[in-house]
Amino acid sequence: MIILCKNCNYIFETEVKFCSQCGQAVVKNVSSTKLKKVATIIGFYVAMLVYMLLVYYVETTFPNNLEAEIIVVIGFACIVLGFASFDLKPVLQLYNNKAIKFKHIVFAVITPVVTSFVVYFFIGFINSLVAEGASVNYFQEYLYLDYPLFWATFFIALMPAVIEELAFRGVLFNALKEVTTTRLTIIATAFLFAVIHFSIFSFLWIFPFGLLLGFLRSRYNTLWLGMIIHFIHNFIILMIDYYNFYNY
Amino acid sequence: MEVSQSIILQSECKHCETPVKEDHSFCSECGFPLKGSDQDVAKFYAKRVMDKRKTNNAHEKIKAARKTLFIIAAIITVFGFFIYYKTQDLVPLTINLVVSVVYVVLGVWSKQRPLIALILGLLLYLTLIIITAIADPLTLVAGILWKILIIGYLAKGIYSASSINKVA
Numbered sequence: 000m001i002i003l004c005k006n007c008n009y010i011f012e013t014e015v016k017f018c019s020q021c022g023q024a025v026v027k028n029v030s031s032t033k034l035k036k037v038a039t040i041i042g043f044y045v046a047m048l049v050y051m052l053l054v055y056y057v058e059t060t061f062p063n064n065l066e067a068e069i070i071v072v073i074g075f076a077c078i079v080l081g082f083a084s085f086d087l088k089p090v091l092q093l094y095n096n097k098a099i100k101f102k103h104i105v106f107a108v109i110t111p112v113v114t115s116f117v118v119y120f121f122i123g124f125i126n127s128l129v130a131e132g133a134s135v136n137y138f139q140e141y142l143y144l145d146y147p148l149f150w151a152t153f154f155i156a157l158m159p160a161v162i163e164e165l166a167f168r169g170v171l172f173n174a175l176k177e178v179t180t181t182r183l184t185i186i187a188t189a190f191l192f193a194v195i196h197f198s199i200f201s202f203l204w205i206f207p208f209g210l211l212l213g214f215l216r217s218r219y220n221t222l223w224l225g226m227i228i229h230f231i232h233n234f235i236i237l238m239i240d241y242y243n244f245y246n247y
Numbered sequence: 000m001e002v003s004q005s006i007i008l009q010s011e012c013k014h015c016e017t018p019v020k021e022d023h024s025f026c027s028e029c030g031f032p033l034k035g036s037d038q039d040v041a042k043f044y045a046k047r048v049m050d051k052r053k054t055n056n057a058h059e060k061i062k063a064a065r066k067t068l069f070i071i072a073a074i075i076t077v078f079g080f081f082i083y084y085k086t087q088d089l090v091p092l093t094i095n096l097v098v099s100v101v102y103v104v105l106g107v108w109s110k111q112r113p114l115i116a117l118i119l120g121l122l123l124y125l126t127l128i129i130i131t132a133i134a135d136p137l138t139l140v141a142g143i144l145w146k147i148l149i150i151g152y153l154a155k156g157i158y159s160a161s162s163i164n165k166v167a
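These protein sequence lines map, in sequence, to chains A and B.
Numbered by numbering that gives the first Met the number 0, the letters in the first sequence go through residues 0 to 247 in order.
Numbered by numbering that gives the first Met the number 0, the letters in the second sequence go through residues 0 to 167 in order.
A hint or two may mislead.
Unchecked claim - In silico DSS-like cross-links for lysine-lysine, where the CA-CA straight-line distance does not exceed 25 Å:
id, chain 1, residue 1, chain 2, residue 2
1, A, K176, B, K60
2, A, K35, B, K85
3, B, K110, A, K176
If you are wondering where the hints come from, they were derived from the structure by calculation, not from laboratory data.
If you're wondering where the values come from, they're calculated on a predicted model, not measured in any experiment.
Take the sequences, apply the hints, and build the full model.
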């Protein structure tokens, strides 16, 4: 290992804490980079939070409006891509598929089948306990459009899988990993992923779901598995709503 | 004879007793000015005192932020019961109690992992403000001084926790 003193450019072959020539602290100033990362984490989350508030007002002002919905999705994607561009290289590396083998794909297809049904029955159980917890039918929300199933799949399953994975398992994960351990990063991203869904009841299943996605991200260094699981999970929930809508 | 004596004199740092090489002007372990004047040595000790004070100050701010987490837990609990007595509805009480338990857990956890616990505490607090603002925009300005104080204490704690070089 070769260490260079930034003050006088003297080269050391072993690790030193202070430069023996000029007395400057050689240990890389961890705290200033750490502070920057912490600022990125907080800034990114707050940007998403404020955007959610904005989205709420857009949706109440323009209900059943395809243009408004598309603009909302593009806006969210812009925020995430904007923050991703600060440190683009590690984010791009997450779109590799080198570590993925056939068995992982099988796992990524079977897991969401289990999770989506567990979540569906869990929500049903909660709704039977609490009247106010009544959930929306995701399919029904898009009936105002010509191809409701297509648009519902686009807005409910495809976009969240792509953008949320990049946001939480990509940008947020990378930033947190620089200030803390991998284990804590998985827990923290899952926590924030669950909190930003704005529902105390769904927290109970989104948190473990986030832990699983975070674990896969750290183990295989790819976003693809998370995206597949997230997409299939949301798609099955949507399909159950679709089935319920036409049968009940 | 004189030369060898000076090597012996310089072979150990006066401050931390780490063996040092003859051509070194500063100790590579603690930064002590081996060949410096008395003034340089005085400067070295002054800087150490300053650094130590800075770290102590940081620990105090982290402590204050930890207390803030517990205060948030208490406020949320009180509000939960307040709403319950007004509406006799168990749902908001349960939600408030769950959230305050989360804050107590974060508060306890912040002893070992101050940085990450305080970040999560702050972001959860901001989320709660936004959620209540969606339900009723007027809550945004209600108790705004309190909110600024709480955010300020947590932010100071986070700043201090990230400026001390310790794994979060």
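Cross-check of the supplied hints:
no., hint, result
1, A:K176 x B:K60, "holds (24 Å)"
2, A:K35 x B:K85, "violated (45 Å)"
3, B:K110 x A:K176, "holds (20 Å)"
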